[in-house]
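Peer 1: What follows is the residue order along each chain.
Number of protein chains: 4
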Amino acid sequence: MAIDLSLPGEVQALVDRTRSFVREHVVPLEDAHDGDIAAAGGDTFRVELQQAAQEAGVFAPHAPVEYGGHGLGMSDRAPVFEEAGYSLFGPTALNIAAPDEGNVHMLAHIANPEQKAQYLAPLAHGDMRSAFAMTEPAPGAGSDPSALSTRAVRSEGGWRINGTKLFITGADGAGFFIIMARTSGEPGARGGATMFLAPADTPGIRVGRHLDTLDRSMVGGHCEVLFEDLLVPDSAVLGEVDRGFEYAQVRLGPARMTHVMRWLGAARRGHDVAVAQVARREGFGAKLGDLGMVQKMVADNEIDIAATRALLTRACWELDRGESAGNATSIAKTYAAEAIFRIVDRSMQMCGGLGVSGDLPLARLSREVRPFRIYDGPSEVHRWAIAKRTVGAAKRALRDSE
Amino acid sequence: MAIDLSLPGEVQALVDRTRSFVREHVVPLEDAHDGDIAAAGGDTFRVELQQAAQEAGVFAPHAPVEYGGHGLGMSDRAPVFEEAGYSLFGPTALNIAAPDEGNVHMLAHIANPEQKAQYLAPLAHGDMRSAFAMTEPAPGAGSDPSALSTRAVRSEGGWRINGTKLFITGADGAGFFIIMARTSGEPGARGGATMFLAPADTPGIRVGRHLDTLDRSMVGGHCEVLFEDLLVPDSAVLGEVDRGFEYAQVRLGPARMTHVMRWLGAARRGHDVAVAQVARREGFGAKLGDLGMVQKMVADNEIDIAATRALLTRACWELDRGESAGNATSIAKTYAAEAIFRIVDRSMQMCGGLGVSGDLPLARLSREVRPFRIYDGPSEVHRWAIAKRTVGAAKRALRDSE
Amino acid sequence: MAIDLSLPGEVQALVDRTRSFVREHVVPLEDAHDGDIAAAGGDTFRVELQQAAQEAGVFAPHAPVEYGGHGLGMSDRAPVFEEAGYSLFGPTALNIAAPDEGNVHMLAHIANPEQKAQYLAPLAHGDMRSAFAMTEPAPGAGSDPSALSTRAVRSEGGWRINGTKLFITGADGAGFFIIMARTSGEPGARGGATMFLAPADTPGIRVGRHLDTLDRSMVGGHCEVLFEDLLVPDSAVLGEVDRGFEYAQVRLGPARMTHVMRWLGAARRGHDVAVAQVARREGFGAKLGDLGMVQKMVADNEIDIAATRALLTRACWELDRGESAGNATSIAKTYAAEAIFRIVDRSMQMCGGLGVSGDLPLARLSREVRPFRIYDGPSEVHRWAIAKRTVGAAKRALRDSE
Amino acid sequence: MAIDLSLPGEVQALVDRTRSFVREHVVPLEDAHDGDIAAAGGDTFRVELQQAAQEAGVFAPHAPVEYGGHGLGMSDRAPVFEEAGYSLFGPTALNIAAPDEGNVHMLAHIANPEQKAQYLAPLAHGDMRSAFAMTEPAPGAGSDPSALSTRAVRSEGGWRINGTKLFITGADGAGFFIIMARTSGEPGARGGATMFLAPADTPGIRVGRHLDTLDRSMVGGHCEVLFEDLLVPDSAVLGEVDRGFEYAQVRLGPARMTHVMRWLGAARRGHDVAVAQVARREGFGAKLGDLGMVQKMVADNEIDIAATRALLTRACWELDRGESAGNATSIAKTYAAEAIFRIVDRSMQMCGGLGVSGDLPLARLSREVRPFRIYDGPSEVHRWAIAKRTVGAAKRALRDSE
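Residue numbers (full-length UniProt numbering), protein chains in the order written: chain V, 1 to 402; chain Y, 1 to 402; chain H, 1 to 402; chain W, 1 to 402.
A portion of the hints provided could be inaccurate.
Since the list gives no way to pick out one identical chain from another, each pair is judged satisfied if it fits inside one copy or across any two copies.
To be verified - Calculated cross-link-like contacts (lysine to aspartate or glutamate; reagent style EDC-like; alpha-carbon spacing at most 16 Å):
| # | residue 1 | residue 2 |
| --- | --- | --- |
| 1 | LYS395 | ASP290 |
| 2 | LYS388 | ASP300 |
| 3 | LYS116 | GLU224 |
Since the hints were made in silico from the structure, they are not lab data.
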């Protein structure tokens, strides 16, 4: 009847299994795969990890039950994904890494039965990976999606797509692409986008160079993708024509939150490594962890972890109730991206020289989490959206009172 | 079965009534009582406000039903107290201002039936005010309660108390005092404190000077209180002898959280005033609220409000489950005290010169909220406690693994 | 030949005399005059202080030698003014408080011989005070001076001025006003302002209410001033017609820096009080000043003091070379206003409950320094100006390279 | 006679030459050498760069004139080194990279004529590199140098050295080592250290693994170095026995400041790249650089650059006067390390996805500058030292007044 923050028993059990699985099976394999740019261990390693996750009963917590998943809602995903994120390879093992996890979510909501059979089923089972082709080089779609300039024009029996995409996560090795293209209007118009599905080996799709980003843990990297007279049939349209921006929102809110869950796990990992270090090492006549300035960093990490988790709880609850939760997810994402970065940064600082070396996982973590303040909407864009809502409401109240 | 953040219907109704009551009945009276040091409007004004609150059906949401209150738990108090805090006089009106609110809470848990009849009943009904006499001038009890140096020694048929207290909120005009005194051990010892109850007119109690603090909204001020050969009978002992520190904890966790609730309401008030201002005023060719640097302040306020509320939700839920919630309340209090200050500070900044003048309530609010980073445990002490738990756990884990 | 930061001997001697004078003669008088809104001790107290300063040989360090001052340039003023600012009453004692100090500076540069005799001479000698009437209520001149809407229109033998001013520092009791009024163009136009001089008792000048601001240390307060058909002769024009904005710049850069000098002294005072406190008091088994979190606050104060002083040195040197120094003064003012606030805020925090009480001067100081982040250009406006220069230069470089 | 911040003409000319040289000759070569862990381009590339610098007349600005340098003092080095730091390879080109630059400085002060001929001359001319072997793995010398545990014991005709060093910059490929070893006392003792000089090919010196640090721009990397029964003659002692800690201080203050100079150049590079980007790119209906939140980042970068430079000016002036400048260098180093990191971090943020990719140099820069908050004394250790001085002075003042 009143507020309740307790987890259902079977969810708690899945959290516990995930925690054990990640610490016992995934963490020990990390050092062998710290990732060249293209692969983060690559698909061979991914398949091994996913088999282990299936044996441990922790695979695909997010996927619908009919596709072999656990069918968890957002609130229940939060603690499970956080445990998975404790290793940078944990999300891959559970098949909940970006962008596949968000694509499963979106296909489950929007795809028709044929599309589900062709794309969702193998994706959910880990038989292939996917990519979501939306971002474009300037001056195309980026923080401002309405700048979309990739075009899909009517062609006999289907659509002809031309355009260039950038920062397409997982593109190298993906089995299929979800392609956002403009079917009406001009760049800058708020509508007119459509989503298309296409197998990766369709002629006219070319995966270009990898961007050499700070982060390295995404299987398939962040790539340039070119669509050159790509022809797709009408059956490739996901949902309805011209509703692409609307569908992107369906994907966006939850995808932001699952990012937060995973990165929160990574931040906790960094914090735990640092706390163990300062609990062990001596300096200036005490354990480092008993010195006031170190205690301040430890406490600030604890506060940032707690606040991130608390904001996530709120946003997930709104999403599970079917609300758009645009404000709650913007707030949680903005706070989390900055807090997670601070947590890992302080953790490095607590460990001194070792903290910035490869002897501890902290430097690696710091590189992985930094881009989150930019990916999925830079902090500035989210703040702008939050303020627009708040100031807009005040303007309306003013007008009403006049 | 899953996480649920919705409010029970009757609580939501009380929240709504409180919101209307504060905005319609309390806010309009603020300017007439902006508070000399001693009184914050004084008891005459308090009684008027409380009668209005009773008529509006919003009086004493926290007090047990048998004492005329609504009997709300911590989770349910949060949104009600926040609405009350929207005016600095709102908590007084609802009889939930510090220290009375915390004293009601503690007496309801610890007092015996006679004590409840003598002290709790009139306090809950607003017939008198109370004070909690714990803090002492240096080097006595402060951030470090174990430094307690006020003494109660056995005397025929009771106890003789001597000592000086400082920063005793509400002392001037209080009907009775709850007195923390050392009954065994020396200053620095972790146990040995006892709580005593005494009517304010008992010989040997003297209320000294008011401290001229930044904040002015506490009825009865922050005073020096002297106990000079104060004699109290055995029946004045609250609970059991030597368990005073333990009882203080009972009071402390919830009292921290109700402070957060009220001050969060005050911060929201400041934010609303500032947002209305920037939604109205022009400068540099736009509404101020459409300029990016102002939008950043608005968004940061929204984030701080949401995070404070989310951390509060967590801590209250733990308290309602009967947990000590020491860590959760330390985290929520520390974050909240700093966030609330930032919110009001940004609100002033958004309003420029008017923001620091008496033409808007912001300068006043800024003075009221600043001390919260010190009262109820300075941020540094809470961070120290948080870090000690975290590092302590890591040390134990290290020992276990060796 | 190389960079030299040493002070000339006679300046160092004046610094030393000022330091002794303020600590021995001004600080002890503070408590007796902590300032009702209108007066900050009032003119009687001011005259007493100034006589003492004259006897100590520290009066009017900034005024031209021919008007009884020491004729110091900006670089040499910095350490002297900082010592004066160590007490909130120090600048008044030396006759270098705002706005008189900036007005002396401007009159020395722009006034004609008759005006100097009539206004500058008595002002420099402390025989009267002055006010600079520029800021207006919204939507008039504020952060954006071009919004100036007070009008001066040609009238036989002179000008007729109408308009309302707000936040006019020192207005109550001023001997004369420097009035900024629009003589051509419409509000929003970048030119068209003229400065006029008028004795305070000229018919048509009315000093209205005091704004009840956080700060209280300005003799004469911050007032509303109304010009109602104020008639002034042509000889009242300061400099030339329509060059008012230009002259305001002459006053503005140095005035910003002298504010920084004085407030830096106030911040150092707060820091010294707090450091003395934590060097004395014990808690948690050590002197407070030996605890890591307190050490962090102490060190951050030292860093903020050093950085403020270093930025000031740079800006003053540019001003002394005759540069406009617009960027250097914006940078120094913005950094200083925020740093000074942080210093005082940390000093309060270090002192716990006493820090927010009247038992120490910290709460008072915190109220005095907060508005500086708004007065003399809010931080946001200075940041906007700094960024415009930087981005503008980059745009020009881009165009040149195309 | 008064404060003067102008540069001597010949220094300004060297600044200008260095600026041109770095932008025209070094920056274009960067992409070809972005550095595997071991080499940062390696010695072949280093020699090429240094020949170019010699031809441009900008080589070795810091080295004594008799060793082919320009003989600049600290104040004059600041702007030259800053220009060199504009490219990560600039310091290598000018032969002013760590640790060689600091070693030249120290050898010029302490070495005897034979040592100068053998070590200083080739080092100053770029004929070989060097390493300073001080830091040890825990629990040895680190932030707390007194923990030094490498031992040098008397052996016939010289000393036998045993110990392990870590984080030894430039060790791989160095021509000689300066070795800090304990000649008396136990780890924890404040004295008892001696410096020894030894060619890198002396038996008993073994360069171990490279630490895989965030930064990659140091030629020769950061290595483990092992001394296994290393025998050195008495003539290998640098200065006098047991005065090693004292000599380390000679090196430390200036070395901290030259680090700041170089990294400030790197930060300015990042800032310039970002400003050019936001001056060019559009979004949300304007150039990005005209949006308020971006303007805030630009202005904060300008403020951080100015404050770093101003604090550096102060510390260098003190060092040039022969003062120990311990406090001024601690303040400048702490502020600079944090400011430089913020500058580069904001620069990345302004550039969005490209900012964290290899398409711009920002992600690389962010990795290079992060460790500076740890190297040369973590911020926490410097803050502790600053606070100890301040609180210590207050304690002495208290004692004197009692």
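Peer 1: All hints, please: hold or fail.
Peer 2: Against the structure, the hints come out as follows:
{"no.": "1", "hint": "LYS395 with ASP290", "result": "between (51 Å within a copy, 11 Å between copies)"}
{"no.": "2", "hint": "LYS388 with ASP300", "result": "between (30 Å within a copy, 13 Å between copies)"}
{"no.": "3", "hint": "LYS116 with GLU224", "result": "neither (26 Å within a copy, 55 Å between copies)"}
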